[in-house]
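First to last, the sequence lines map onto chains A and B.
If you read the first sequence in the working numbering, its first letter stands for residue 26, the second for the next number, and so on.
If you read the second sequence in the working numbering, its first letter stands for residue 807, the second for the next number, and so on.
It is possible that some hints are incorrect.
What the hints assert, rightly or not - Listed next, the in silico SDA-like pairs over lysine to any residue satisfying Cα-Cα at most 25 angstroms (straight line):
id : chain 1 : residue 1 : chain 2 : residue 2
1  : B       : Lys1044   : A       : Glu100
2  : A       : Lys140    : B       : Lys1044
3  : B       : Lys889    : B       : Tyr918
4  : A       : Lys116    : B       : Tyr918
5  : A       : Lys142    : A       : Lys116
As the list claims (entries may be wrong) - Over the 12 angstroms line for every Cβ pair with chain A, so calculated as not near, a few chain B residues:
id : residue
6  : Thr851
7  : Val860
8  : Ala868
9  : His869
10 : Arg871
11 : Glu890
12 : Asn902
13 : Asn921
14 : His934
15 : Asp958
16 : Tyr1055
17 : Val1068
18 : Asn1093
19 : Asn1102
20 : Gln1126
Said to hold, decoys possible - Here are the computed distance ranges between Cβ atoms for each label pair:
id : chain 1 : residue 1 : chain 2 : residue 2 : range
21 : B       : Arg1116   : A       : Lys140    : 16 to 24 angstroms
22 : A       : Asp80     : B       : Pro1024   : 19 to 27 angstroms
23 : A       : Asp80     : B       : Leu1118   : 31 to 39 angstroms
24 : A       : Val64     : B       : Leu1130   : 56 to 64 angstroms
25 : B       : Asp1097   : A       : Gln33     : 30 to 38 angstroms
26 : A       : Arg151    : B       : Arg1010   : 29 to 37 angstroms
27 : B       : Glu1086   : A       : Lys140    : 35 to 43 angstroms
28 : B       : Gln1025   : A       : Val64     : 49 to 57 angstroms
29 : B       : Arg1000   : A       : Ser62     : 48 to 56 angstroms
30 : A       : Ala75     : B       : Glu1115   : 31 to 39 angstroms
31 : A       : Ala75     : B       : Ala1088   : 37 to 45 angstroms
32 : A       : Arg151    : B       : Gly1119   : 20 to 28 angstroms
33 : A       : Tyr92     : B       : Arg988    : 53 to 61 angstroms
Bear in mind the hints are in silico, worked out from the structure with no lab data behind them.
All residues carry an ideal CB built from backbone N, CA and C; glycine is no exception.
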Amino acid sequence: MQVPILKQGAYLIATVQSALTDEDLKQLRDTLVMQVSKVRARGVIVDVTALDVIDSFATRTLRDVAYMIRLRGAETVIVGIQPEVAFSMVKLGLTLEGVTTSLDLEEGLAYLDRKAKAHEEVRAHR
Amino acid sequence: MTPRVVLLNHVQASSTSVEHVTHGQEGLMNGSQEMATVTQPRLETTASRLRELVAHLRHQRAHLREEWARLITEAKLLTAMTKEEIFAEATSVYDNYVEALETGTYEALQAYARNLSERIIPRGVETHEVVGIVLLLRDVLARSLFATYHEDFNKLNRILDAYEPAANRIAGTVAVGFVQERERIIREQQEAIRELSTPVLQVRERLLILPIIGVIDPQRARQLTEQLLRGIRTNRAKVVVLDITGVPYIDSPVANHLVQTVEAARLLGAIVIVTGLSPEIAQTLVNIGVDLGKMNTVGDLQGGIEEAERLLGYKVVPMQEPVLHSA
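Chain B extracted, bound-state conformation:
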């Protein structure tokens, strides 16, 4: 009994989740809800119709699959893939599709959609192509149903009643799976960019440098603070050179944040030296009324590192015989 209940749930769910709901299908939804509560026999007929449908699709497999692959090429979808690849994918999508229709469960299809997306996204396949091919398959199968049952209009209607909600739901599942995979990749890349954007580098024992390049927005400022304070902790740093040569300008909230970061670093027992302030940034800092007694600034990165070395008690002395002779 369980599979039928599962199927019924899907039919109901699709009335809310799938966007292609027509009037005819809404009628079916209402009907199927009645079935759940009142008439058991009609439920069985929906199931048997789907069985019949699946049998038909299995029987016509070779023909329909070819027809579908042809339409895909014709519509100029999946241009990044070769004909053979399209045919191979079409075959497995088709089989997964029929299986989802048969079992009424979408987990396998979902997993397949994710796996497919993983493979084809790097090759530049677009969302509209994936949605396009699934909708094409839906149409190809619907056409074949028309062709088979065109003599018995009532039967055709009943079969479509069973087919359409399931097919729409499948299309939704595959499209959503593709988009989710894309979003996952985008999230991962954003994460990677964010991490790369604030490197914390140790130049000497207890001396860190943080070169910052590009505009600092509030989110990046927060992350910068976190990285800097964590870096002080993990590297046991005493001096940090924060080089903002590559930052064209900052607004006052970010400037304030920067000053606060410098003070927080002091509470951890470290000194922050800010280097490479552009005239615009200097202006912003003066406008917010920064306390220069709290902020160490040096003109450029070299000067900053030299100052840091002095604070740490290093003394860099040139060797008598330089290793590198000028030509």
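Bound conformation, chain A alone:
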């Protein structure tokens, strides 16, 4: 199951539509990390609303995506984790340390916009 990746302004949006195998996840990670500099994206949103299970491999891959993308100069937000999924993740000790999470796509976009604005201001002051 391929995950469609859309470009929206300066952001890339990857919407997971159904359960993913480990292979799918790796492919998603590689594609996103490659695409982010190709299109000069400033932020990446991974929407996992459709997932009702997020296991340790998925958590690690999502964290890797976020770290790698940061190293390539952009921000990542994971959006749409379901309440039940969130709690079972925490119970398993999977807390997505150091990764930004938001309620849904809208919130994720708002977060990235705020980040970009702050960035602009810092640059203007220099």
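Assemble chain B onto chain A, guided by the hints.
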């Protein structure tokens, strides 16, 4: 033919379900099982005996009903009800009772028992009273059978053979109906208390507060988590103030659960601020080794709300002219 089969089933069922089974009745059970397989004519006599019994009870209705109502008052049962009410209920219980004996079906009686329970439970009628009155009725009817058939002992025995299992089953049905109704009410109330115990309140756009009062047991902790995470979703909250001023202490499993809830909320993109931690709870949290980097805590609810407003970018400024002047 169907009613007879139904009746027979009931007779057999009562041997397992009703607790007042005596030796004499067990004999009957065995006999009736034989009837089912071997002798058709004897089955008919059981049915005809019940018919005779029902006819007798119909005939004696006024007298027996009065006798029963008198015994109820004498035994000081149903004290919450007036004499007239007792008599009215006695009449309809009596009629339903005879009908159940006649038809061998208990659905109508069951429905009536539920309906009766619904009406009398709020008035404080106890289980032992309901069981008591049904057993009284059973005894009153049995006495009247003794009085009628005392000359023909064999006939009396046969009539009682037909009467006792059915009567016991009726008593069981009414008592169980009453207890079930009670349990249903208790379940409903528990549900209501549980819902009331964890209110999720929106104070501002994107800001929720959850005031918790009382001891948090594991079940309540689970429910708290569910309410909090759901609340974040439905209200699109960014900050939640969890006020536990009213919680005297928590044990380590619950403390762990609380920390996990805070982390789960972060995964939904919300920040939880915990306020009003008692010294005991602070001790418990330190003992389980909580990561203070993950947990926002503020001394009291006011401070928590102020911090939340700051995070959300609100600024509360007093008006130049206060609306409320101090006297």
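Against the structure, the hints:
1. Lys1044(B) - Glu100(A): holds (20 angstroms)
2. Lys140(A) - Lys1044(B): At roughly 16 angstroms apart (the allowed maximum being 25 angstroms), Lys1044(B) and Lys140(A) satisfy the hint.
3. Lys889(B) - Tyr918(B): holds (20 angstroms)
4. Lys116(A) - Tyr918(B): Distance ~49 angstroms between Lys116(A) and Tyr918(B) Cα, so the pair is violated.
5. Lys142(A) - Lys116(A): violated (36 angstroms)
6. Thr851: Holds: least Cβ distance 63 angstroms, greater than 12 angstroms.
7. Val860: Since the minimum Cβ distance to chain A is about 58 angstroms, Val860(B) lies beyond 12 angstroms and the statement holds.
8. Ala868: Label holds. Min Cβ-Cβ 64 angstroms, cutoff 12 angstroms.
9. His869: holds (65 angstroms)
10. Arg871: Check passes; 58 angstroms lies beyond 12 angstroms.
11. Glu890: Label holds. Min Cβ-Cβ 56 angstroms, cutoff 12 angstroms.
12. Asn902: holds (48 angstroms)
13. Asn921: holds (40 angstroms)
14. His934: For His934(B), whose nearest Cβ neighbour in chain A is about 45 angstroms away, the distance exceeds 12 angstroms, so it holds.
15. Asp958: holds (72 angstroms)
16. Tyr1055: holds (23 angstroms)
17. Val1068: violated (9 angstroms)
18. Asn1093: holds (19 angstroms)
19. Asn1102: holds (15 angstroms)
20. Gln1126: holds (32 angstroms)
21. Arg1116(B) - Lys140(A): 16 to 24 angstroms: Taking Cβ atoms as reference, Arg1116(B) and Lys140(A) lie about 19 angstroms apart, which means the hint holds.
22. Asp80(A) - Pro1024(B): 19 to 27 angstroms: Distance hint for Asp80(A), Pro1024(B) holds at roughly 25 angstroms.
23. Asp80(A) - Leu1118(B): 31 to 39 angstroms: Check passed, 34 angstroms falls within 31 to 39 angstroms.
24. Val64(A) - Leu1130(B): 56 to 64 angstroms: The hint (56 to 64 angstroms, Cβ to Cβ) holds, given that Val64(A) and Leu1130(B) are roughly 58 angstroms apart.
25. Asp1097(B) - Gln33(A): 30 to 38 angstroms: holds (35 angstroms)
26. Arg151(A) - Arg1010(B): 29 to 37 angstroms: At roughly 36 angstroms between Cβ atoms, Arg1010(B) and Arg151(A) fall inside 29 to 37 angstroms, so the hint holds.
27. Glu1086(B) - Lys140(A): 35 to 43 angstroms: Holds - the Cβ-Cβ distance for Glu1086(B) and Lys140(A), about 41 angstroms, lies within 35 to 43 angstroms.
28. Gln1025(B) - Val64(A): 49 to 57 angstroms: The hinted range 49 to 57 angstroms holds for Gln1025(B) and Val64(A), with Cβ atoms some 50 angstroms apart.
29. Arg1000(B) - Ser62(A): 48 to 56 angstroms: Since the Cβ atoms of Arg1000(B) and Ser62(A) sit about 52 angstroms apart, the hinted range of 48 to 56 angstroms holds.
30. Ala75(A) - Glu1115(B): 31 to 39 angstroms: holds (34 angstroms)
31. Ala75(A) - Ala1088(B): 37 to 45 angstroms: holds (40 angstroms)
32. Arg151(A) - Gly1119(B): 20 to 28 angstroms: The hint (20 to 28 angstroms, Cβ to Cβ) holds, given that Arg151(A) and Gly1119(B) are roughly 25 angstroms apart.
33. Tyr92(A) - Arg988(B): 53 to 61 angstroms: holds (59 angstroms)
When held up to the earlier numbered hints, the structure conflicts with 4, 5 and 17 and fits the remainder.
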